[in-house]
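Between the sequences and the hints, there should be enough to build the whole structure, so can you do that?
Listed below, chain by chain, are the residues.
There are 2 protein chains.
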Amino acid sequence: MQFSSQVIEEATNALSSFPGIGKRTALRLVMHLIKRPEHEIVNIAGAILKLKTELHLCEECFNIADSETCDICTNTNRDSQTICVVEDFTDLMAIENTNQFLGTYFVLGGLIAPIDGIGPEQLNIEQLVSKVIKSEAKEIILALNTTVEGDTTLFYIAKILSPYKVKVSTISRGISVGAELEYADELTLGNSILNRIEYQY
Amino acid sequence: MQFSSQVIEEATNALSSFPGIGKRTALRLVMHLIKRPEHEIVNIAGAILKLKTELHLCEECFNIADSETCDICTNTNRDSQTICVVEDFTDLMAIENTNQFLGTYFVLGGLIAPIDGIGPEQLNIEQLVSKVIKSEAKEIILALNTTVEGDTTLFYIAKILSPYKVKVSTISRGISVGAELEYADELTLGNSILNRIEYQY
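Going down the list, the sequences are from chains A and B. Counting in this note's numbering, the first sequence runs from 1 upward without gaps. Counting in this note's numbering, the second sequence runs from 1001 upward without gaps.
Treat the hints as calculated values from the structure; they're not laboratory data. There may be inaccurate statements among the hints.
As the list claims (entries may be wrong) - Examples of chain B residues lying across from chain A (beta carbon under 10 angstroms, computed):
1) 1005
2) 1006
3) 1008
4) 1012
5) 1017
6) 1032
7) 1033
8) 1049
9) 1065
10) 1066
11) 1099
Unchecked claim - Mimicking SDA-like on lysine to any residue, the simulated pairs with C-alpha atoms at most 25 angstroms apart in a straight line are:
12) B:1023 to A:53
13) B:1131 to B:1118
14) B:1035 to A:19
15) A:50 to B:1033
16) B:1023 to A:21
17) A:167 to A:135
18) A:159 to A:88
19) B:1023 to A:100
20) B:1035 to A:97
Claimed, not checked - Sample of chain A residues lacking proximity to chain B, with all beta carbon distances greater than 10 angstroms (derived):
21) 122
22) 135
23) 148
For each residue, glycine too, the CB sits at the ideal point set by N, CA and C.
Shown next as structure tokens:
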């Protein structure tokens, strides 16, 4: 692609560095931006810059926060002894959006993945153990992806936490709400029979 | 969608103002940005800001340029008496990328579209006439979309230019390279027979 303007070329290259955005889409976004009023452009650029200058990692749970401790950890209405362990901030947000969990979180910062060279020491597992001891946690809910990496991490954390008096649970796995059994994969369907739940009258 | 961080919410809202990018995709882009090094973030924000601070419209042809006159208009190797009229900058870029045109351009800034309230007076048509006179143009090539709006604009400009001694042409319309006749629409196929081209030995 040839550009007659270097400014447009730079902006297109910058936007095409985003995942899933190619040169053509980036150029379309740039053409959109050119037509917008100045304050909107300044807002967008400012919001992007703030991601580096104003974001912190919560000292308690490694959640992304605007201050040194996140809103969830400072909220005294939330149960600090029930801790939901998640891979990253997006998983935390997904659970928060269900409005079903009133405990606190702990962000691991990844999953154990030997193929990608990620071992337990690169994750916040040591800090999780300290937090379990310090907060006298009653239950640790492991809300991790149901992948090989997720299962490996789950197994590792459960083993590490076994000496402490803390209940370790995982989120339930089974057939999605609204799904048809006919199209469910065998592993999921098999597991959902083995881990069947007693009907509540 | 609930956000635990206002900075992330702002950035997500800013990015989801782009066409074709929803809240979820915007959040994915924000999460990508958070993981990138600082200089990359600064680059992206800077490139976006420059779109407002450093871009000009070429005084000669209304192309988007880094200076007051664009590279194409200042290039003395290009034929300033053969002018290709396009709707906007992206169409100009598309033609430039074919490497088949060595004349100059003129950007209309839109097409006549009464339904959207765009009349000839909102486009750079007066300036086109001045340019035709000033540059003693020999040929005006109208490279417009083959839509109702494109055809209306084409007809209007051809009529406006009729008093001047200038050849007016349009880009050829017909079957795309690589297309199968079977799947071509009737209008295009019909036109391609009416406007058939003599075989060149």
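Inset, instruction - Run the structure past the numbered hints and jot down the numbers of the failing ones, going up. - result: Violated: none.
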